[in-house]
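2 protein chains.
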Amino acid sequence: MNATPIIKSPHLILASASKSRSRILSAVGISHEIIPANIDEARVKVKLIETDSDPATVAKTLAEMKAQKISYLHSNSLVIGADQVLYYDDEMLNKPINIQDAKEHLNKLSGRNHTLLVSTCIFLNGNILWQFTDKANMEMRLLSESYIDWYINEIKEQVCETLGAYRIEGLGAQLFSSIEGDFFSILGLPLLPLLKELRNHGVISA
Amino acid sequence: MNATPIIKSPHLILASASKSRSRILSAVGISHEIIPANIDEARVKVKLIETDSDPATVAKTLAEMKAQKISYLHSNSLVIGADQVLYYDDEMLNKPINIQDAKEHLNKLSGRNHTLLVSTCIFLNGNILWQFTDKANMEMRLLSESYIDWYINEIKEQVCETLGAYRIEGLGAQLFSSIEGDFFSILGLPLLPLLKELRNHGVISA
Numbered sequence: 625m626n627a628t629p630i631i632k633s634p635h636l637i638l639a640s641a642s643k644s645r646s647r648i649l650s651a652v653g654i655s656h657e658i659i660p661a662n663i664d665e666a667r668v669k670v671k672l673i674e675t676d677s678d679p680a681t682v683a684k685t686l687a688e689m690k691a692q693k694i695s696y697l698h699s700n701s702l703v704i705g706a707d708q709v710l711y712y713d714d715e716m717l718n719k720p721i722n723i724q725d726a727k728e729h730l731n732k733l734s735g736r737n738h739t740l741l742v743s744t745c746i747f748l749n750g751n752i753l754w755q756f757t758d759k760a761n762m763e764m765r766l767l768s769e770s771y772i773d774w775y776i777n778e779i780k781e782q783v784c785e786t787l788g789a790y791r792i793e794g795l796g797a798q799l800f801s802s803i804e805g806d807f808f809s810i811l812g813l814p815l816l817p818l819l820k821e822l823r824n825h826g827v828i829s830a
Numbered sequence: 625m626n627a628t629p630i631i632k633s634p635h636l637i638l639a640s641a642s643k644s645r646s647r648i649l650s651a652v653g654i655s656h657e658i659i660p661a662n663i664d665e666a667r668v669k670v671k672l673i674e675t676d677s678d679p680a681t682v683a684k685t686l687a688e689m690k691a692q693k694i695s696y697l698h699s700n701s702l703v704i705g706a707d708q709v710l711y712y713d714d715e716m717l718n719k720p721i722n723i724q725d726a727k728e729h730l731n732k733l734s735g736r737n738h739t740l741l742v743s744t745c746i747f748l749n750g751n752i753l754w755q756f757t758d759k760a761n762m763e764m765r766l767l768s769e770s771y772i773d774w775y776i777n778e779i780k781e782q783v784c785e786t787l788g789a790y791r792i793e794g795l796g797a798q799l800f801s802s803i804e805g806d807f808f809s810i811l812g813l814p815l816l817p818l819l820k821e822l823r824n825h826g827v828i829s830a
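One line per chain: the protein sequences are X and F, in this order. Going by this note's numbering, the first sequence opens with residue 625, and the numbers climb by one from there. Going by this note's numbering, the second sequence opens with residue 625, and the numbers climb by one from there.
Hints are supplied without guarantee of correctness; some may be wrong.
Copies of the same chain look alike in the list, so a pair counts if it fits in one copy or across any two.
[Unchecked claim] Mimicking DSS-like on lysine-lysine, the simulated pairs with C-alpha atoms at most 25 angstroms apart in a straight line are: (1) Lys820 x Lys727; (2) Lys732 x Lys820; (3) Lys693 x Lys719; (4) Lys693 x Lys780; (5) Lys693 x Lys727; (6) Lys669 x Lys719; (7) Lys669 x Lys820; (8) Lys780 x Lys671; (9) Lys727 x Lys780; (10) Lys719 x Lys732; (11) Lys671 x Lys759; (12) Lys719 x Lys780; (13) Lys759 x Lys669.
Simulated from the structure, these hints should not be mistaken for lab results.
Hey, can you work out the whole structure from these sequences and the hints?
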């Protein structure tokens with residue numbers, strides 16, 4: 625996790641408060657500044673859903689809104705935006721707001737498949753340079769109430785850090801019978817396509 | 625990484641010296657004892673290849689040999705064995721023995737696809753209970769000599785910890801243009817199928 629930064633130029637900003645996204649970039653030696661966009665995501669999501677936007681449009685729009693807002697405020701910096709959307713059937717789940725909410729999330733996801741969409745983009749001076757959306761199919765085991773209680777008691781407030789109330793890189797892997805998709809995308813950032821784009825722009829060494 | 629162990633019974637042994645495999649088990653709360661089998665893997669591999677064994681047979685045989693050896697020595701313990709094989713065309717690569725060897729590995733893998741096979745099994749009292757083999761397709765970017773030198777200088781002796789001389793969970797992700805396969809399998813252990821089997825045997829809570 626302590627690789628020498630291989631950023632060449634220019635300044636790179638991650639317009640996201642996600643610790644997981646920042647950890648992914650740091651692990652591959654990409655130094656970056658974290659400047660969360662602090663937009664009212666829940667409100668934007670409601671509006672998008674009211675206008676019949678599909679989950680991919682929601683993820684893409686939110687990622688772009690975050691990156692664009694920060695990009696306008698920081699000229700000549702490349703700004704990475706990203707957003708994840710979790711859905712099954714007609715329902716989308718937002719990040720749990722507390723432990724009780726996380727418990728309800730796990731009860732909803734238990735014994736069924738859900739989809740995790742991740743969208744990422746790069747902005748420069750308010751203009752979009754690149755956008756990419758990836759998808760993972762997640763199959764959660766049928767979990768008993770007592771198992772969910774045990775799980776939440778183990779990971780505690782970390783249960784509120786992800787949309788689905790799981791930490792797939794830790795104990796959360798225990799919740800799943802099958803996972804199909806890119807691990808980095810599940811953690812919040814489609815890393816390999818993003819690295820390719822940063823190389824294309826000469827931001828990191830090739 | 626500090627989840628409470630959820631092992632119920634019996635004693636679980638990992639017959640592998642791989643730090644990565646032990647880390648994966650610990651991260652999902654599986655307490656285990658590490659007892660490497662210390663068999664002469666290179667010699668066994670040569671013999672298997674001489675008898676025209678395919679890569680999957682090599683991985684499966686080595687995983688089983690390790691688990692069986694430890695299983696005979698530790699009765700009534702479940703013993704996990706595992707082995708990885710890296711190959712492309714007709715060539716298999718063993719773990720680099722030193723920095724120079726790692727450099728040759730990366731030169732061979734640069735700009736081409738290779739396959740990572742991982743085989744795992746569970747033994748009890750010398751008998752096999754379960755076996756599973758998984759496969760990942762890895763596409764490495766075309767790397768310059770100077771990039772390989774820079775990379776090896778960054779991760780140093782860690783470059784000798786994996787078959788392909790990369791640490792995919794860290795800076796090694798920078799080497800790839802595409803990865804298709806389960807992340808845990810690439811790290812050395814097909815985790816979800818293994819957890820399912822441990823649950824089926826009542827070893828961990830369901």
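Verification of the supplied hints:
1. Proximity of Lys820 to Lys727 under the C-alpha cut-off of 25 angstroms is restricted to the inter-copy arrangement: shortest distance 23 angstroms between copies versus 38 angstroms within a copy.
2. In the homo-oligomer, the alpha carbons of Lys732 and Lys820 lie at most 25 angstroms apart only across protomers (21 angstroms), although the nearest pairing inside one protomer, at 36 angstroms, exceeds that limit.
3. For the identical chains of this complex, Lys693 and Lys719 are intra-copy neighbours only, at 22 angstroms inside a copy versus 47 angstroms across copies, given an alpha-carbon limit of 25 angstroms.
4. When the C-alpha separation of Lys693 and Lys780 is checked against a cutoff of 25 angstroms, the pair qualifies neither within a copy, at 33 angstroms, nor between copies, at 40 angstroms.
5. For the identical chains of this complex, Lys693 and Lys727 are neighbours neither inside a copy (33 angstroms) nor across copies (44 angstroms), given an alpha-carbon limit of 25 angstroms.
6. Taking the shortest Cα distances, Lys669 and Lys719 sit within 25 angstroms of each other inside one copy (12 angstroms), while across copies they are farther apart (49 angstroms).
7. In this assembly of identical chains, the alpha carbons of Lys669 and Lys820 never lie at most 25 angstroms apart, being 29 angstroms within a copy and 36 angstroms across copies at closest.
8. For the homomeric pair Lys780 and Lys671, neither the shortest alpha-carbon distance inside one copy (32 angstroms) nor that between copies (51 angstroms) is at most 25 angstroms.
9. Proximity of Lys727 and Lys780 under a CA criterion of 25 angstroms is satisfied intra-copy only: 11 angstroms inside one chain copy versus 43 angstroms between copies.
10. Taking the shortest alpha-carbon separations for Lys719 and Lys732, only the intra-copy value of 13 angstroms comes in at or below 25 angstroms, while the best inter-copy value is 44 angstroms.
11. Taking CA atoms no more than 25 angstroms apart as the test, Lys671 paired with Lys759 passes inside one copy only; the shortest distance there is 23 angstroms, against 43 angstroms between copies.
12. Proximity of Lys719 and Lys780 under a CA criterion of 25 angstroms is satisfied intra-copy only: 15 angstroms inside one chain copy versus 39 angstroms between copies.
13. In this homomeric assembly, Lys759 and Lys669 come within 25 angstroms of each other (Cα to Cα) only inside a single copy, at 18 angstroms, whereas the closest approach across copies is 38 angstroms.
Checked against the numbered hints above, the structure violates hints 4, 5, 7, 8; every other hint is satisfied.
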